[in-house]
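Novice: We have chain A already, so just place chain B on it with the hints.
Heads up: the protein sequence lines correspond to chains A and B, in order.
For the first sequence, counting from 1, position 282 maps to 282 in our numbering; every step adds exactly one.
For the second sequence, counting from 1, position 164 maps to 1164 in our numbering; every step adds exactly one.
Hints are computed from structural coordinates only; laboratory data are not their basis.
There could be a bad hint or two in this list.
What the hints assert, rightly or not - A few chain B residues that face chain A, going by a derived Cβ cut-off under 8 Å, partial list only:
#: 1; residue: V1083
#: 2; residue: Y1084
#: 3; residue: S1085
#: 4; residue: D1087
#: 5; residue: H1181
#: 6; residue: L1183
#: 7; residue: F1216
#: 8; residue: P1219
#: 9; residue: T1303
As the list claims (entries may be wrong) - Stretch by stretch, here's where chain A covers chain B in the computed footprint (C-beta under 8 Å, at least three residues):
#: 10; segment: 1026 to 1039
#: 11; segment: 1111 to 1122
To be verified - Here are the simulated lysine-lysine pairs, DSBU-like style, with alpha carbons at most 30 Å apart:
#: 12; chain 1: B; residue 1: K1162; chain 2: B; residue 2: K1107
#: 13; chain 1: B; residue 1: K1189; chain 2: B; residue 2: K1162
#: 14; chain 1: A; residue 1: K107; chain 2: A; residue 2: K76
#: 15; chain 1: A; residue 1: K189; chain 2: A; residue 2: K41
#: 16; chain 1: B; residue 1: K1189; chain 2: B; residue 2: K1020
#: 17; chain 1: A; residue 1: K247; chain 2: A; residue 2: K278
#: 18; chain 1: A; residue 1: K300; chain 2: A; residue 2: K278
#: 19; chain 1: B; residue 1: K1278; chain 2: A; residue 2: K189
#: 20; chain 1: B; residue 1: K1107; chain 2: B; residue 2: K1247
#: 21; chain 1: A; residue 1: K162; chain 2: A; residue 2: K107
#: 22; chain 1: A; residue 1: K162; chain 2: A; residue 2: K41
#: 23; chain 1: B; residue 1: K1162; chain 2: B; residue 2: K1041
#: 24; chain 1: B; residue 1: K1189; chain 2: A; residue 2: K20
#: 25; chain 1: A; residue 1: K300; chain 2: B; residue 2: K1189
#: 26; chain 1: B; residue 1: K1020; chain 2: A; residue 2: K189
#: 27; chain 1: A; residue 1: K107; chain 2: A; residue 2: K41
#: 28; chain 1: A; residue 1: K107; chain 2: A; residue 2: K300
#: 29; chain 1: A; residue 1: K247; chain 2: A; residue 2: K300
#: 30; chain 1: A; residue 1: K76; chain 2: A; residue 2: K278
#: 31; chain 1: B; residue 1: K1300; chain 2: B; residue 2: K1247
#: 32; chain 1: B; residue 1: K1189; chain 2: A; residue 2: K278
#: 33; chain 1: A; residue 1: K189; chain 2: B; residue 2: K1300
#: 34; chain 1: A; residue 1: K189; chain 2: A; residue 2: K247
#: 35; chain 1: A; residue 1: K300; chain 2: B; residue 2: K1247
#: 36; chain 1: B; residue 1: K1247; chain 2: A; residue 2: K247
#: 37; chain 1: B; residue 1: K1076; chain 2: B; residue 2: K1041
#: 38; chain 1: A; residue 1: K300; chain 2: B; residue 2: K1300
Bear in mind the structure is a predicted one, so any value in this text is a computation, not a measurement.
Even for Gly, the Cβ is constructed at its ideal location relative to N, Cα and C.
2 protein chains.
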Amino acid sequence: MSLVVVGSVAYDGVETPHGKVERMLGGACTYIALAASFFTKAQIVGVVGDDFAQEDVDLLTGRGIDLEGLERVPGKTFYWAGVYSPDMNDRATLTTDLNVFADFNPKLPESYRAAPYLLLGNIQPELQRSVRAQMNGVRFVGGDTMNYWIQDYRDQLLATIKDWDFLLINDSEARMLAGEHNLRRAAEKIQSMGPHTLVIKRGEYGAILFQGGDHFMVPGFLLEDVFDPTGAGDSFAGGFMGYLAEKGVDPRHGDIDHQELRRAVIYGSVMGSFCCEKFGVDRFRNLTRAEIDGRYREFKAFTDF
Amino acid sequence: MSLVVVGSVAYDGVETPHGKVERMLGGACTYIALAASFFTKAQIVGVVGDDFAQEDVDLLTGRGIDLEGLERVPGKTFYWAGVYSPDMNDRATLTTDLNVFADFNPKLPESYRAAPYLLLGNIQPELQRSVRAQMNGVRFVGGDTMNYWIQDYRDQLLATIKDWDFLLINDSEARMLAGEHNLRRAAEKIQSMGPHTLVIKRGEYGAILFQGGDHFMVPGFLLEDVFDPTGAGDSFAGGFMGYLAEKGVDPRHGDIDHQELRRAVIYGSVMGSFCCEKFGVDRFRNLTRAEIDGRYREFKAFTDF
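In isolation and in its complexed conformation, chain A is listed as follows:
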């Protein structure tokens, strides 16, 4: 079932200990949609400039992604550049040129409005809310945010996530949002803000799912080589939501299936791990569903006791 994805579509410059790429396709929306496309039909809402390359359009449409909601306007596409620390646990931003993204005001094509699933990438909370308001009868909605919105746009953010089914953030953001260091208590506080489901991403240490009074933990996949962690968290989100959309999970009628949520967290982890194996979105160019299901079984094998 179709999934609407909103967020940045960008070009990135990235340097890691394994090499340097001056300019490659990036952006949260891109990673989310590509990862989700292995499970379900993804429909992008975003904006790019007139420099957006045909080969990048081809990559997205080649994965069956609907670009009707990808606006093209005069000017340059959002550009971000950063450099990772030797252990790749930290990164420094070198450049942030918002360009056409500065005036992003997402408008949903008519054909998107009845989609049952909505994933709101990390953008201004008010914009996330306006997208939510344009949807009719959405079944499962949630998204990401970041420290900047949590600190400086707290009221807007709280008004936005109040109506979400799930929030998907990293551990330091969860602690900041809750004002509580202990993750178990932080999760309780966040769940009282609206989302019945909270997924905390912990990078190389995996993820935690909180739903109702229950929780589920998965360690991070132990890669032989991490080439580039850019987009791993967004790929996690795409795998998580893509799987739920594929399964047609519908929490509006009765309780959500907790086992399906757990499997969705594993598929999210799987997509995040693949993302790190090559620069940018490169691993998604020839990834197969068989490889994805194979890694899902690896997660089973290395966590089972």
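Specialist: Quick look at chain B alone, frame taken from chain A:
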């Protein structure tokens, strides 16, 4: 089956965000033996001064721990004091008074020498080796070490662990020992140094078991409150080895049972998590095997998918 444990028996002064204790029973050997005592008979090899309190003797003997190898000499018991950071992920040492521990030269009582299991706590590698040499027909042997021995006593350490079945260290120590940041490749290097089994402790992020070409990962237990992390790693070691001794695991005859090793890692994690719930060894004063098995089942519940 009985387990010989070698290491420090100490008094600790600890300050955490939850409070401060000037002097309480501590030391690696103490935590290991107490945690192991819920699974098997533990036999301590260590040294204390004439200030070692009768109530501490009573605690240990009350848990069935054999103190024949606990030497008492004139002078003061090893004293360590430290203070934890607000998030308890770091600690600063305030005092290290080795006292009688400075001249520790472990001698095994005759009654210990045929014990099938040996766990060598973090002491000078040469001393660890001398203890190993005093044992007859030991079935499963391994232990812990630390950055100091890895850096400044590398040759001694390599000669010592060459004959071990397992090494149990934290992630930064594993990286230092292997000279390799990636944990998967670091584990391969360490396994080529001798131990067929490597357990990497990752604090709040859990643990990884490497054995043969296989690995197993478990997330850390999500505690509501961490009162004092002192001794958690040693309690992990005690639970891990205690369980293997209880089961009579014997890798000398054929392959080691990988499933039992995985369960041992869970029991180690269980004991480490209990240790953090109160100051020092306090949680072990009234812990029950039923609580331990209950938490084992919790690990199953929050990791199963």
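Novice: Hints numbered earlier in the text: which of these fail when held up against the supplied structure?
Specialist: Violated hints (numbers, rising): 1, 2, 3, 10, 11, 15, 16, 28, 36; every other hint is consistent with the structure.
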